Structure formats: structure tokens, C-alpha cells
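Put together the whole structure using the sequences plus the hints.
One line per chain: the protein sequences are A and B, in this order. According to the working numbering, the stretch in the first sequence is residues 1 to 453, in order. According to the working numbering, the stretch in the second sequence is residues 1 to 453, in order.
Just so you know, not all the hints are guaranteed correct.
All copies of an identical chain are treated as equivalent in the list; a pair is satisfied when it fits inside any one copy or across any two copies.
Straight-line distance between alpha carbons at most 25 Å, and here's what the computed DSS-like set of lysine-lysine pairs gives [claimed, not checked]:
#1 K269 to K373
#2 K207 to K231
#3 K231 to K200
#4 K77 to K58
#5 K77 to K110
Hints were generated in silico from the structure; no laboratory data involved. On a predicted model such as this, the values are computed, not experimentally measured, just so you know.
Number of protein chains: 2
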Amino acid sequence: MAKIRPISGFPEFLPQQRIVEQQALDVIRHVYELFGFINLETRTFEPVDVLAGNGDDKEIYAVSRLFADEASKKEAKLGLHFDLTVPFARYVQQNKGELTFPFRRYQMQKVFRGERPQAGRFREFLQADIDVICENELPLYNDIEVLQSLFTALYCLHDQLQIPAAVVRLNNRKLLEGFYRGLGITDIASTLRIVDKLDKIGAEEVKTLLVKELELSQENADKCVAIAQIKTHDLSFVEKVRELGVEHEMLDEGLEELAEIMDQLQAYKARNFDEDIKADIMVDLSIARGLAYYTGMVFETFLMGHEDLGSISSGGRYDNLASDEKTKLPGVGASIGLTRILSVMFERGVLAPTKKSTADVFVAVNNMETRIKAQMTAEVLRIEGFKVEISSKDNNLGKQIQVADKKGIEFVAFYDEENPDSIKVKNIVTGQQISAKVEDLSKVVEFVEQQND
Amino acid sequence: MAKIRPISGFPEFLPQQRIVEQQALDVIRHVYELFGFINLETRTFEPVDVLAGNGDDKEIYAVSRLFADEASKKEAKLGLHFDLTVPFARYVQQNKGELTFPFRRYQMQKVFRGERPQAGRFREFLQADIDVICENELPLYNDIEVLQSLFTALYCLHDQLQIPAAVVRLNNRKLLEGFYRGLGITDIASTLRIVDKLDKIGAEEVKTLLVKELELSQENADKCVAIAQIKTHDLSFVEKVRELGVEHEMLDEGLEELAEIMDQLQAYKARNFDEDIKADIMVDLSIARGLAYYTGMVFETFLMGHEDLGSISSGGRYDNLASDEKTKLPGVGASIGLTRILSVMFERGVLAPTKKSTADVFVAVNNMETRIKAQMTAEVLRIEGFKVEISSKDNNLGKQIQVADKKGIEFVAFYDEENPDSIKVKNIVTGQQISAKVEDLSKVVEFVEQQND
Numbered sequence: 001m002a003k004i005r006p007i008s009g010f011p012e013f014l015p016q017q018r019i020v021e022q023q024a025l026d027v028i029r030h031v032y033e034l035f036g037f038i039n040l041e042t043r044t045f046e047p048v049d050v051l052a053g054n055g056d057d058k059e060i061y062a063v064s065r066l067f068a069d070e071a072s073k074k075e076a077k078l079g080l081h082f083d084l085t086v087p088f089a090r091y092v093q094q095n096k097g098e099l100t101f102p103f104r105r106y107q108m109q110k111v112f113r114g115e116r117p118q119a120g121r122f123r124e125f126l127q128a129d130i131d132v133i134c135e136n137e138l139p140l141y142n143d144i145e146v147l148q149s150l151f152t153a154l155y156c157l158h159d160q161l162q163i164p165a166a167v168v169r170l171n172n173r174k175l176l177e178g179f180y181r182g183l184g185i186t187d188i189a190s191t192l193r194i195v196d197k198l199d200k201i202g203a204e205e206v207k208t209l210l211v212k213e214l215e216l217s218q219e220n221a222d223k224c225v226a227i228a229q230i231k232t233h234d235l236s237f238v239e240k241v242r243e244l245g246v247e248h249e250m251l252d253e254g255l256e257e258l259a260e261i262m263d264q265l266q267a268y269k270a271r272n273f274d275e276d277i278k279a280d281i282m283v284d285l286s287i288a289r290g291l292a293y294y295t296g297m298v299f300e301t302f303l304m305g306h307e308d309l310g311s312i313s314s315g316g317r318y319d320n321l322a323s324d325e326k327t328k329l330p331g332v333g334a335s336i337g338l339t340r341i342l343s344v345m346f347e348r349g350v351l352a353p354t355k356k357s358t359a360d361v362f363v364a365v366n367n368m369e370t371r372i373k374a375q376m377t378a379e380v381l382r383i384e385g386f387k388v389e390i391s392s393k394d395n396n397l398g399k400q401i402q403v404a405d406k407k408g409i410e411f412v413a414f415y416d417e418e419n420p421d422s423i424k425v426k427n428i429v430t431g432q433q434i435s436a437k438v439e440d441l442s443k444v445v446e447f448v449e450q451q452n453d
Numbered sequence: 001m002a003k004i005r006p007i008s009g010f011p012e013f014l015p016q017q018r019i020v021e022q023q024a025l026d027v028i029r030h031v032y033e034l035f036g037f038i039n040l041e042t043r044t045f046e047p048v049d050v051l052a053g054n055g056d057d058k059e060i061y062a063v064s065r066l067f068a069d070e071a072s073k074k075e076a077k078l079g080l081h082f083d084l085t086v087p088f089a090r091y092v093q094q095n096k097g098e099l100t101f102p103f104r105r106y107q108m109q110k111v112f113r114g115e116r117p118q119a120g121r122f123r124e125f126l127q128a129d130i131d132v133i134c135e136n137e138l139p140l141y142n143d144i145e146v147l148q149s150l151f152t153a154l155y156c157l158h159d160q161l162q163i164p165a166a167v168v169r170l171n172n173r174k175l176l177e178g179f180y181r182g183l184g185i186t187d188i189a190s191t192l193r194i195v196d197k198l199d200k201i202g203a204e205e206v207k208t209l210l211v212k213e214l215e216l217s218q219e220n221a222d223k224c225v226a227i228a229q230i231k232t233h234d235l236s237f238v239e240k241v242r243e244l245g246v247e248h249e250m251l252d253e254g255l256e257e258l259a260e261i262m263d264q265l266q267a268y269k270a271r272n273f274d275e276d277i278k279a280d281i282m283v284d285l286s287i288a289r290g291l292a293y294y295t296g297m298v299f300e301t302f303l304m305g306h307e308d309l310g311s312i313s314s315g316g317r318y319d320n321l322a323s324d325e326k327t328k329l330p331g332v333g334a335s336i337g338l339t340r341i342l343s344v345m346f347e348r349g350v351l352a353p354t355k356k357s358t359a360d361v362f363v364a365v366n367n368m369e370t371r372i373k374a375q376m377t378a379e380v381l382r383i384e385g386f387k388v389e390i391s392s393k394d395n396n397l398g399k400q401i402q403v404a405d406k407k408g409i410e411f412v413a414f415y416d417e418e419n420p421d422s423i424k425v426k427n428i429v430t431g432q433q434i435s436a437k438v439e440d441l442s443k444v445v446e447f448v449e450q451q452n453d
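Shown next, in the form of C-alpha cells:
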């Protein structure tokens with residue numbers, strides 16, 4: 001084998017870290033299924049013309065056979081998907097005759113971006129998305145359900161895996177576009193692009209750019225910054241926007257949508273969570289989102305105490321991404337950047353996993369010559385549903401218990417060669433143990449359940 | 001969005017098919033965890049020099065940035081992994097200081113091969129692998145445990161998902177190599193390659209090729225075919241090989257290993273499965289396996305009644321794949337070609353899934369104006385652990401029940417606007433229903449559990 005080396009930008013977890021990642025995937029899957037989303041996977045390759053124009057084209061990875069023949073050179077140019085929204089929109093369009101709308105799916109797959117690698121930025125990473133796409137019309141309650149599901153998933157990651165609490169920051173593209181149009185601005189995309197830099201370069205620099213690059217009046221530039229600085233935990237943002245004195249039909253629509261979403265999400269939170277949870281949902285009118293395809297609600301999410309990491313979950317409403325000339329297929333979705341969250345939490349020591357095995361029971365081996373006894377002990381425990389690993393050594397039992405301990409397996413089973421009808425199971429943390437007949441291991445099941453409570 | 005089209009060789013499942021695939025992944029994960037394997041994922045990209053020489057190099061997909069700059073052109077050439085064994089061996093070598101040996105992992109990821117697409121052959125497909133790698137020495141019981149785990153996983157796929165029963169066909173590379181060496185043959189690789197064609201081109205053609213291409217005597221060619229034709233369900237293969245009158249130390253070693261593995265697997269099967277199960281384990285000395293890195297036990301697996309599909313699960317012992325000058329890291333593993341199995345079973349109608357949702361309960365909506373009532377009904381059911389989807393329409397209840405039925409959701413919940421304290425849950429298959437107070441839904445939990453039994 002060739003000399004091995006890590007490749008920059010392609011993270012790989014150690015077993016104890018992967019166990020946490022798998023727990024996180026299980027939590028997200030569980031929550032999204034509670035909300036009635038079904039799972040889907042799309043192919044990793046897409047034609048380059050499907051990918052291009054929906055993200056940063058410079059980041060697209062192209063694939064080709066290493067030793068391509070003439071025939072394969074004539075094939076369509078293929079690339080690796082850089083997100084899960086664009087492939088999902090393509091899948092829905094392609095299979096629309098087979099799907100029941102509204103089509104609600106979650107999707108957890110690796111995506112690929114040829115970015116310049118830097119802390120918290122990867123070239124291959126796992127995303128966990130939910131989206132709803134509907135034919136013709138997609139009522140606003142879908143935006144709300146997507147955000148409820150996402151908020152709940154992030155809360156469960158916090159509650160069950162000790163990932164920091166998340167704050168979801170909401171905005172609406174119509175609100176911003178309507179506001180800009182009300183000011184007489186026509187180059188919406190450039191205005192959004194510049195205002196999006198507010199956090200990085202500050203208010204004064206943004207104003208300067210708006211005046212210099214887009215030839216906005218100083219007053220208009222001030223207003224563009226003023227609206228972006230509105231952040232509220234309730235519906236008071238509506239009044240604050242109104243105070244800026246801008247009028248436009250699209251602004252009204254955006255304000256109304258955002259107020260409705262915010263109102264319902266706060267009510268959802270109050271109904272379903274303790275009053276003192278740290279996780280929150282707020283309005284932040286500086287949130288613009290980079291991607292061109294968003295048309296309504298947009299959001300970003302930050303982990304408390306780790307805001308410098310940037311958004312760990314974002315998404316929004318896209319009315320035209322999946323639509324074609326014949327069919328309107330509006331959608332709304334949310335994506336969790338799981339690799340990014342976990343790798344930084346590991347790096348910062350917020351998560352420091354030590355459990356290296358998911359086994360429930362470690363079966364000690366008395367003697368390698370009679371290892372078959374341990375094998376048979378493992379078999380009866382597996383029939384009871386226990387995950388079992390068998391020792392690879394027959395050294396003294398204390399040493400074998402140390403191995404189990406090092407792996408984080410809490411129970412060790414021992415068999416007695418003289419008495420093949422029963423086995424002993426010991427909790428190596430509490431020291432408590434139990435002996436049971438092989439034909440009736442219900443005592444062991446009860447014992448382990450009690451100890452785990 | 002660009003015109004959409006399927007790409008040949010890249011299968012994508014419909015929601016009802018993906019539900020089956022996910023069930024299959026859950027079954028495999030459950031069995032492999034019962035056997036104490038932990039999960040792992042490796043990066044999708046590998047340096048081309050790690051990939052090359054371990055498979056069919058012509059099938060390797062190379063990746064590069066679509067708009068590569070000068071800096072990126074200088075980066076190491078990268079390709080997509082074509083299996084999970086080569087990346088796993090690289091991972092173990094790279095992280096050996098951090099791992100506890102024997103290191104036992106399962107890995108379920110997509111792999112990529114630039115094959116000419118044909119029925120049952122894909123360019124992107126899901127594999128589910130288990131492997132054990134150990135430092136210095138890897139005792140034979142590991143080969144046996146890998147095969148036990150694999151046999152059990154395939155049995156559970158058959159038992160729980162109605163995938164056809166599997167027959168595992170075992171051989172041993174040392175047995176074949178020792179036999180050939182005993183005959184005085186030195187070009188082992190070419191002999192294996194030609195004998196491997198037995199099924200495709202028949203005995204006479206194989207003999208002709210052995211004589212013509214490798215200049216074997218007619219007697220030796222006959223013997224090479226004779227040993228490949230030995231297939232037994234018990235240990236009688238040992239005597240049949242002995243009857244061919246060839247002597248070699250390596251042959252003895254191979255025979256002994258294969259007899260030990262076969263003996264223990266049959267005993268495992270007798271201890272843990274009903275006598276009349278169709279799944280089986282047999283010796284088939286025609287199994288050679290294409291890959292160069294195998295050094296001991298090798299196997300292939302065929303689905304009963306679908307042998308034409310070829311092997312759906314293969315693997316073996318590789319003593320040197322992960323080893324380098326400093327450390328010996330022998331391994332043994334097994335791989336299940338899940339995409340291949342499922343896509344053919346769907347195509348042949350062996351599996352014809354209709355369930356399009358994993359939700360337990362569908363909440364009907366009386367009136368879109370008061371949809372919040374349905375939302376709150378869903379919330380209390382979710383707290384009880386039910387997976388819940390809310391109707392997207394407020395048309396008559398019969399129509400809404402039809403939607404649930406079409407999706408394969410068995411229970412429909414109704415709320416009464418006049419009586420917000422209780423909800424009604426109906427099994428739409430049996431027609432039975434129950435009413436319960438919102439504060440105490442234990443009756444609903446019991447009802448659903450009873451109906452599901």
C-alpha cells in the first residue's frame with residue numbers, strides 16, 4: 001500500500017467520535033420521523049448543468065473515469081452534489097408522477113465542496129436536511145412545520161448529546177426585497193450581497209459600499225443598515241420596520257409572513273418545552289442567506305457560546321427551484337451541518353467522547369482452548385437482544401475487565417466451565433452481579449435494565 | 001433548472017423502495033451490533049495511489065475541481081473509493097495508535113465504480129461491510145465470527161424482509177494455491193483467473209485455456225478442473241481433494257482451515273437456527289474471488305432462485321492489505337451488496353413495497369381555518385412517541401382516510417372542536433377505534449400496541 005496521509009478538508013472520526021455522530025443521526029432521524037418526514041437518498045452524481053448556477057460554481061467537483069475511453073468522454077459531464085436541496089428538487093421534478101404531494105422528506109448524506117479548507121470548513125461533510133415540496137401551492141404552515149421540526153431536532157441534540165443550545169434567527173426575503181424596492185432600489189441581489197457582510201465589516205463599511213458600488217443615497221444606505229440591525233425576540237420587529245417609513249406591497253407581505261411564523265413558533269415553543277430552556281427563536285433582519293433561489297422565509301442558526309462558528313443550520317422557502325414551465329413546485333427546507341457541528345465540538349473539547357464500543361456485554365474467556373464456551377454464552381445473550389463482544393484474550397479476568405472498561409462496556413459475562421447451565425453477569429462500574437440459568441436469562445435482562453435506569 | 005434525466009448506472013429508489021432499503025440497513029446494523037462490531041465511516045475520496053492496484057483500475061473515478069486553479073492542480077490526485085475494504089485498511093494503518101485491536105467495525109457507505117452499466121451492475125451503490133483487523137496475528141475464530149455475523153444478517157434480511165434465502169459458498173486461497181503448487185504450477189494468479197471462468201465457459205473450455213495459455217499438461221488441467229468441481233455440504237470435501245492425490249504443505253493448511261471453519265459454522269447454524277431453514281453454508285472449491293489481496297478463506301453468496309444475479313455478498317481473509325514494513329495488520333471481512341440485491345428484487349417483483357410513509361398516525365383536519373387544533377393533537381401524540389403526519393387538506397374525512405390508506409398509515413386521529421380535551425384514534429384497516437383524554441393517552445398507546453401485535 002502507498003504511503004498514507006490525511007487529506008486536508010476531509011475529516012474522519014475516530015470510533016468514539018463516530019459513536020457520537022451516529023447517536024446524533026439517530027436523534028435527528030427520530031425527530032424528523034416523529035414529524036412524519038420520510039427518508040430519501042439521491043445519487044451523489046448530478047449532471048454539471050443541474051448543479052451550476054445554484055451555488056458557488058467554483059466549488060463544484062467534477063468526476064471522470066481515471067482512464068476514460070472515447071465513449072465515456074462523450075457522456076454528459078458529471079459532478080458531485082454540493083448540497084441536498086438541488087438534487088432533491090431535481091428528484092421531485094423527475095419523479096413527480098410517482099410522488100404524493102405535499103412530499104415531505106428528510107435526507108442525511110455527504111456533500112462535496114471544493115472549498116479552500118479552513119477551520120470548520122470541509123470538502124466532504126454530512127448534512128441532514130428536511131424539505132417539503134408541493135404542487136402548485138405550499139401554504140405557510142409548511143414553513144412553520146419545517147422550523148418546528150428543526151428546532152425540536154436541535155433541542156434534542158442539545159438535551160441528549162450535550163451539544164450547545166441553538167438560536168434560530170429568522171428573516172424573510174420578501175420583507176428585505178420589498179423594503180429595498182420601497183426605497184427605489186432595483187439591484188436587489190447586489191444590495192443583499194453587501195448587507196450580508198454587516199457582521200464581518202461593520203455598519204459604516206456597508207454603508208460606504210452601498211453608496212460607492214450601488215450609488216445609493218446616504219439616507220437609503222442608512223435605512224438598509226438600520227433594517228438589518230433590527231433583532232427582536234417577539235413581534236415588535238413589525239413596528240420597528242414601520243418606523244423606518246418605507247412602503248411597499250411586498251414589504252407588507254414579508255412582514256405578515258414573518259409575524260405569522262414567529263408568532264406560531266413562539267406558541268409551539270411555549271406549548272412543548274420548559275419555560276427556562278436556553279434554545280430560542282428570534283427575528284434577525286440581517287439574515288440574508290447567500291443562495292439565489294430563496295424567495296420567502298430564510299433562517300440561520302447559531303450555537304450559544306460558539307457564534308464564531310457561523311451558522312450551523314440554515315434554509316428557507318424556494319418557490320421556483322423545482323418548478324418548470326409546466327408545473328409549479330414550491331418548497332421549503334432546513335439543513336443541519338452535522339460534520340461541522342461535531343468536528344468543532346470535538347476540537348473545542350465541548351464533547352470529549354470516551355465510549356469506544358456500543359456493546360452491552362463483554363464475555364470473558366477463561367481459556368482459549370475452550371473459547372467455544374464463551375461463544376455459546378455470547379449466543380444466548382444475543383438471543384435476548386444484548387449486543388455482545390467476546391474477549392480476544394484468555395489472560396486473568398482482572399485484565400479482561402480492564403479491556404471492557406477501556407472500551408466503555410459496562411457489563412462483563414463469565415461462564416463456569418464446571419457449570420455450563422448458568423452464567424454470571426457483572427456491572428463493572430457498580431460491582432453488582434447476578435447469576436442466571438442459561439435457559440432463563442430474564443433475570444439478566446431485568447438486572448441490566450435496572451442498572452441502566 | 002436544466003432539463004432533467006436519469007443517468008445510467010446511478011439507481012435512485014422511490015420512497016416506498018427507500019423505506020425497504022432503510023429497513024434492510026436497520027436489520028444489518030442491528031445484527032452487526034449484536035456481534036459487537038462498531039460503526040465507522042471513512043472519507044469518500046482516497047489518493048489515487050491508495051486505490052490503484054487493489055481492484056480494476058479502469059473503474060476508478062477521478063475527481064477534480066470543475067474550475068481548477070494552478071494551486072489545486074498541484075494537489076495529490078484523488079479518486080472515489082470503489083469498495084470499503086481498501087479505505088478501511090488505510091484508516092487502520094493511519095490511526096493504529098488510537099485503535100484497540102482486534103478492531104472490529106461495520107461500515108455502510110456508497111461506493112463508486114466506472115463500470116459499463118448493465119443489469120444488476122451500478123456505478124454508485126451501497127455496500128454493508130464488516131471487518132476485523134488485528135495487530136500481528138488474527139486467529140481463525142475471527143474468520144468464523146465474521147461468517148456467523150454475515151450468515152445471521154442475511155438470514156434476518158430473509159426472515160424479516162422476505163429477501164430470498166442465501167447460500168454462502170466457502171473456499172480457501174491456500175487450499176487452491178497449495179494444490180496448484182503440488183502440481184508444479186507456478187503461475188498461481190493466471191491459473192486462478194482461468195479456473196474462475198468455470199461457471200461461464202464450462203469445464204472443457206477451461207481445460208483448453210489452461211493447456212494453451214499456461215502450458216499445463218492435460219492431466220494437470222484435468223485436476224485443476226476436478227478440484228473446482230468439488231462442492232459439499234459437509235466435511236467430505238477433504239477426502240475428495242485427497243483422492244486427487246496431490247501433496248503440498250500449503251494444501252494441508254488450507255484444507256485444515258476450511259474444515260475447521262465449515263465445522264464450526266455448521267455447529268453454529270445447528271445451535272441457533274431451526275433445522276428446516278433454507279439458508280445454508282457449503283464448501284465450493286470453484287470460488288476463487290477476483291481480488292489479488294486475499295490470502296486465506298474466501299467466500300461468495302448466492303440468493304436461492306436468483307443465482308444468475310451472481311454473488312451478492314463476498315469477502316475473505318487478507319493478511320497483507322493493511323500491513324506495512326513495520327506492522328503486520330492481517331484482516332478478514334465480508335461485504336453485502338445491498339443496492340444490487342434490492343434493485344433486482346424490486347425489478348423482479350420479489351419485493352413490491354407499497355408503504356409510502358413511516359408515520360404511525362395521520363391526523364385529520366376538520367377545517368383549515370382551525371388547523372392549529374390538528375397541530376396540537378399531533379404534538380400530544382408525538383410526546384407519546386408516535387410518528388405523526390398532519391393532513392394537508394380539510395376535505396371530508398372519508399377522503400382524508402383514503403390519503404392515509406394510500407400512504408400505508410394504519411391509524412387516523414380525529415379531534416373534536418367542541419371537546420378539545422379528547423381525541424379519537426381509529427385503525428382504518430380493522431375499523432376499531434378508541435377515544436382518550438389528551439392528558440392521558442396511555443389508552444391510545446395500549447390500543448395501537450394491541451392492534452400492531
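* For the identical chains here, do K207 and K231 meet the 25 Å Cα criterion within one copy, between copies, both, or neither? -> Cα proximity of K207 and K231: one copy only (19 Å, versus 81 Å across).
* 25 Å Cα cut-off: does K231 pair with K200 within a copy, between copies, both or neither? -> within (17 Å within a copy, 71 Å between copies)
* Can you give me the call for K77 and K58, within, between, both or neither, at a CA distance of at most 25 Å? => Both: 15 Å inside a chain and 18 Å across chains, each within 25 Å.
* To do: Could you figure out if K269 and K373 sit no more than 25 Å apart (CA to CA) within one copy, between two copies, both or neither?
  => between (54 Å within a copy, 16 Å between copies)
* Asked: Is it within, between, both or neither when you check K77 against K110 at 25 Å Cα-Cα?
  -> The answer is both: 20 Å in one copy and 20 Å across copies each meet 25 Å.
Going through the hint list in order, the structure satisfies each hint without exception.
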